[in-house]
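Engineer: Position one of the sequence shown corresponds to residue 1 (my numbering), numbered consecutively onward.
These are calculated hints, taken from the structure and not from any lab test. Incorrect hints may have been included.
As the list claims (entries may be wrong) - Below 25 Å or equal to it, Euclidean Cα-Cα: the simulated SDA-like pairs (lysine to any residue) are:
hint, residue 1, residue 2
1, Lys9, Leu91
2, Lys44, Glu54
3, Lys44, Ala24
4, Lys9, Ala58
5, Lys44, Leu69
6, Lys9, Ser56
7, Lys44, Ile15
8, Lys93, Gly25
9, Lys93, Leu83
10, Lys93, Gly18
11, Lys9, Ala30
12, Lys44, Pro34
13, Lys44, Ile65
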Amino acid sequence: MEWTPETIKILANGIVLGASALGAGTAMIAGLGPGIGEGFCGGKAVEAIGRQPEASGAITRTMIIGDALAETTGLYALVIALLLLYANPLLGKL
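Start from the sequences and build out the full structure, keeping to the hints where you can.
Structural biologist: Structure representation (structure tokens):
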């Protein structure tokens, strides 16, 4: 097979797109952490409300703030994955 500039460009595009797909999949593994953390936080909040029902407002408020902070890491991973799949900055460098 002869290596013409066109075949090299096609091969380079394939490598970049394949690596981007692997990177996007790896980034989405970060979605596991927030899911586990939010479930654990919700379970502990239910236990705390069961022990002290009069403090349910403060416990719920703290739980929601903690869940919102935990969810941001999952959203950042989603943004990275979408950028790699649909707005790939590496393709313009070839």
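Engineer: Please go over all the hints and tell whether each is borne out by the structure.
Structural biologist: Structure-based check of all given hints:
1. Lys9 / Leu91: holds (10 Å)
2. Lys44 / Glu54: At roughly 16 Å apart (the allowed maximum being 25 Å), glutamate 54 and lysine 44 satisfy the hint.
3. Lys44 / Ala24: Not satisfied, since the Cα-Cα distance of roughly 32 Å exceeds 25 Å.
4. Lys9 / Ala58: Outside the cut-off at roughly 59 Å; violated.
5. Lys44 / Leu69: Holds, because 16 Å separates the two Cα atoms, which is no more than 25 Å.
6. Lys9 / Ser56: Outside the cut-off at roughly 61 Å; violated.
7. Lys44 / Ile15: Judged against 25 Å, a Cα distance of about 46 Å means the pair is violated.
8. Lys93 / Gly25: holds (22 Å)
9. Lys93 / Leu83: holds (15 Å)
10. Lys93 / Gly18: Judged against 25 Å, a Cα distance of about 16 Å means the pair holds.
11. Lys9 / Ala30: Not OK: lysine 9 and alanine 30 at ~32 Å, beyond 25 Å, violated.
12. Lys44 / Pro34: holds (15 Å)
13. Lys44 / Ile65: Cα-Cα ~14 Å, so holds.
Checked against the numbered hints given earlier, the structure breaks hints 3, 4, 6, 7 and 11 and satisfies all the rest.
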